[in-house]
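Line by line, the protein sequences are chains A and B. Residue numbering for the first sequence follows this note's numbering, beginning at 15 and increasing consecutively. Residue numbering for the second sequence follows this note's numbering, beginning at 15 and increasing consecutively.
If you are wondering where the hints come from, they were derived from the structure by calculation, not from laboratory data. Please note that a few of the clues may not be correct.
Identical chains share a label here; the pair holds if one copy fits it or two copies do between them.
Only pairs whose alpha carbons sit at most 30 Å apart, straight line, appear in this in silico DSSO-like list of lysine-lysine [to be verified]:
| # | residue 1 | residue 2 |
| --- | --- | --- |
| 1 | Lys20 | Lys407 |
| 2 | Lys241 | Lys480 |
| 3 | Lys428 | Lys292 |
| 4 | Lys215 | Lys454 |
| 5 | Lys25 | Lys518 |
| 6 | Lys313 | Lys480 |
| 7 | Lys233 | Lys428 |
| 8 | Lys407 | Lys480 |
| 9 | Lys450 | Lys313 |
| 10 | Lys420 | Lys292 |
| 11 | Lys355 | Lys519 |
| 12 | Lys355 | Lys403 |
| 13 | Lys313 | Lys225 |
| 14 | Lys480 | Lys205 |
| 15 | Lys524 | Lys454 |
| 16 | Lys233 | Lys25 |
| 17 | Lys403 | Lys44 |
| 18 | Lys407 | Lys292 |
| 19 | Lys75 | Lys136 |
| 20 | Lys225 | Lys524 |
| 21 | Lys313 | Lys472 |
| 22 | Lys472 | Lys241 |
| 23 | Lys30 | Lys518 |
Note that the structure is predicted; figures quoted are calculated from it, not measured.
Listed here are the chains, written in short residue letters.
Protein chains: 2
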Amino acid sequence: MASSDKQNRPKARLAKGFRDVDANEIRGLKRMLRIIEEVYENYGFEPVEQPFIEYTEALGKFLPDQDRPNEGVFSFQDDDEQWLSLRYDLTAPLARYVAENQQFLPTPFRSYRQGWVFRNEKPGPGRYRQFMQFDADTVGSASPAADAEVCMMAADTMEALGIPRGQYVMKVNNRKILDGVMIGTEIPLEKRLTVLRAIDKFDRLGINGVKALLGEGRKDESGDFAKGAELNNLQIERVLSLIITAHSSAKQITEGKYLPEEFKTEKDADWHLIDEMKSSFYNFEITMEGLRELEEIHKLTRASGYGSDRIRFDPSVVRGLEYYTGPVFECELLMEAKDEKGNLVRFGSVGGGGRYDDLVARFTGQSVPATGFSMGVSRLYSALKLLGKTEDKETTAPVVVLVMDKERQGDYQKMVQQLRAANIRAEMYVGTSGMKAQMKYADKRGSPLVVIQGGDEKARGEVTLKDLALGAQLASGVESREEYASQRLAQVSVPEADLVSEVKKMLARK
Amino acid sequence: MASSDKQNRPKARLAKGFRDVDANEIRGLKRMLRIIEEVYENYGFEPVEQPFIEYTEALGKFLPDQDRPNEGVFSFQDDDEQWLSLRYDLTAPLARYVAENQQFLPTPFRSYRQGWVFRNEKPGPGRYRQFMQFDADTVGSASPAADAEVCMMAADTMEALGIPRGQYVMKVNNRKILDGVMIGTEIPLEKRLTVLRAIDKFDRLGINGVKALLGEGRKDESGDFAKGAELNNLQIERVLSLIITAHSSAKQITEGKYLPEEFKTEKDADWHLIDEMKSSFYNFEITMEGLRELEEIHKLTRASGYGSDRIRFDPSVVRGLEYYTGPVFECELLMEAKDEKGNLVRFGSVGGGGRYDDLVARFTGQSVPATGFSMGVSRLYSALKLLGKTEDKETTAPVVVLVMDKERQGDYQKMVQQLRAANIRAEMYVGTSGMKAQMKYADKRGSPLVVIQGGDEKARGEVTLKDLALGAQLASGVESREEYASQRLAQVSVPEADLVSEVKKMLARK
């Protein structure tokens, strides 16, 4: 099968936008997932998982960049011509699951799931087409108590992962605030998505860019013209005033400047904003509903002792996904850390979510209110890694038993099995190279020690144990004055019968 | 967004051949994966994972049923017209990974990985298009020691999972036995795959069916004609004699009938077969090489104390995947169990593997010998489930705090947070229904107990704890004579300050 025909050889390369995951990251992710899981279980959520592939129509089209031809999703046709897609999040498949199995599920249905999702997007630095999410959802409850719980759970998760209070914040907003203004100013249904997308571009385009996109449209740097929502002046004014309020308040809150006198603690400043907005937008019914829901969330989280240092109203949170209908959440890491190049980076969002009351109704026609939160596991891992919180201290590299005599592999293998039976990670060198290459191999694996038994040792009924770390240290001359004594320390011969106990002793010294 | 337009509603249904995974299975799988992982780590393997999507040409075409139009793989075209595929196993992506990163890896490179793989096949009962595998591979060693280790590791894994010795067996064969006969009888390279496939159909078609497929071809039940390998009579005879030897010996070994006198224990009967085959096929060079490798595996596994009750030569093992070049393995569960309908089922294969010396060379042109084993996690789980070995005894359903007064949700939420802080799974009812529905919800969740605080209790500074299991038992009249006393047992009022300690006590009684 090995073809010498060089032209026909495939290239060994990762597909564009994908990556391999190494041992450190796998171990770190596993630890993280276990911690998140413990918190979610503690909150009474149950695991349920959906497959990676669903009918395209079942997933729907809710991604922010659905203007691209393939709408951000990997899709393919089945034998029977039906379109299938790889999941782009864990929420759309859950909605299908609940709609299909509702009669068997408790109401509300509280579940969590974790797994890889896929986006058919242009990859960039740190931006992959496969990434991991960890979701928790309460389906079948319209109560803000369900939203409040999601927020507290996200906050608890951050602390369980080792992120100190004050270094993260769960920001809460409500889509209804904007919806109310759009309904109140009679912006027609079909234009609302364009408006939402325009607002979502505020960070990148600034107020004038958004204004253009709410009006006639806008020519971008490449000269392409993006058609606008064509709102009238009154509509544009109201939407812009909302954005400006939102962004300036959010900025003030973040910078700690928003401190009205009548509030006792800085922590409540953000919630005071709700009162202010109530007086500005009192004639927009849905907006008022959204603000009341936020008050309820505030009340419940405060009752459990979660202040605005952990859960905070932030009117600038929008969330890109189209299916949100009420409260939306974003979990942001506030601390800065140095990246590999020594630059200060602020992590930003590591997860988000919100209420999606219409996702199940897409299938059944009957409203099933739902809310949930999705942790961006891959992003969160990068953050924890930069903070030095992913180090694996539990796993030791294996002890390597060298093969000094190929005819005696059976004996060496037996030693290895003895070590393994004593729960010591161990392996016989299974390659075909000589002593030097075997030592190099053990070094590259990071082995703490190697076991050697040549003909002489065999004759004496002994094995030699060589401490690799200490050996390397000695070889570098650090302790050259006591060379003789320390060489003995780095290498010791013991009776073969004591192999396991002597290896244990040597490992315990590390 | 909720459309009342019934025609446009998507159907809520799983895609064909896919399935949802429930809480019990997720917990059971997690436990299984952890155990497998511990064994593999103990053997010195390191985790490394490749993405779900690779370039189609990088994965290659090695599935047994590649005659189907899409060749068993889910594929789709990228924006730049390159073809991408979902991985159909974990071995092909590993080969790409090693070829791409060889200079950074130790030699041999010993790694493990676990994850979902996808086959674009016709689904059937118990046959899904997404299933989980757990692989371990040693890349960069041609030594039978690497193969022997894989076999011992698979055996250890079975026992770690709770399958008793004698109830599983790791069967070993060598592709070279057949290759040698094909080369020796001058069967041309391009016909060898057809021959392999014909042999693989022995169980289904019998000896005459295979004979036809080795010759002119064969008409199946539907009348379709499958073209044969068109071998000459001598070639057919030699191949058939090998199959007959293989299958009859395998049958005898399985039934314990193969007991040559010169061997002391029944356990070694299978390996005696190797000697017999050596005298039958002494003029086929590659066959002899294959037999010698098997002897080496035998020697090494025996040296570590693994008898033929655990690792056994079985010449009928072929393995469907095309990329194997030497020893092949199959792990079979031997015990029978009753399925849901009460029928006795024998589990059969729960994993397999073998040596694939040419997979990396596909990319680099340089031979990189490799061997590995793939555990069929989903199949293994089904087997363990039927054996009652997947039960989760660790997880308790959550305590539910009822909402007796909507205005007091903050108080109830606080109780829940106190329970959670004491590591008791707990939740406040977050739905919007009344008392009766709340009790029904707690029942459906399997809650051990509910916490109730109405106006009266609040006034007394108390909470009521109701034991749901005991309550149900009492309600069914089992202990009706001591009704009064037992009602007190099922339901108790305690000071609010003692909530956590009293709940703990009640849970401890279970």
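How would you classify Lys428 and Lys292 at a CA-CA limit of 30 Å: within, between, both, or neither?
-> between (77 Å within a copy, 28 Å between copies)
Status of Lys225 relative to Lys313 across identical chains (alpha carbons, at most 30 Å) = neither (35 Å within a copy, 79 Å between copies)
Taking 30 Å as the upper bound on the Cα-Cα distance, should Lys313 and Lys472 be classified as within, between, both, or neither?
-> between (75 Å within a copy, 20 Å between copies)
Check Lys225 against Lys524 for me: Cα-Cα at most 30 Å, and say if that holds within a copy, between copies, both or neither.
-> neither (64 Å within a copy, 64 Å between copies)
Could you place Lys472 and Lys241 in one of the four classes (within, between, both, neither) given a Cα distance threshold of 30 Å?
-> neither (83 Å within a copy, 60 Å between copies)
Between copies, within a copy, both or neither: which fits Lys233 and Lys428 at Cα up to 30 Å?
-> The answer is neither: 73 Å in one copy and 53 Å across copies each exceed 30 Å.
At 30 Å max between alpha carbons, let me know whether Lys215 reaches Lys454 within a copy, between copies, both or neither.
-> neither (54 Å within a copy, 46 Å between copies)
At 30 Å max between alpha carbons, let me know whether Lys355 reaches Lys519 within a copy, between copies, both or neither.
-> neither (41 Å within a copy, 55 Å between copies)
Lys25 and Lys518: within-copy, between-copy, both or neither at 30 Å Cα = The answer is neither: 45 Å in one copy and 60 Å across copies each exceed 30 Å.
How would you classify Lys75 and Lys136 at a CA-CA limit of 30 Å: within, between, both, or neither?
-> Result: close both inside a copy and across copies, 18 Å intra and 28 Å inter.
Is it within a copy, between copies, both, or neither that the alpha carbon of Lys407 lies no farther than 30 Å from that of Lys480?
-> within (22 Å within a copy, 44 Å between copies)
At 30 Å max between alpha carbons, let me know whether Lys241 reaches Lys480 within a copy, between copies, both or neither.
-> Neither way: Lys241 and Lys480 sit 72 Å apart in one copy and 62 Å across, limit 30 Å.
Consistency note: the structure conflicts with the earlier hints numbered 1, 2, 4, 5, 7, 11, 13, 14, 16, 18, 20, 22, 23.
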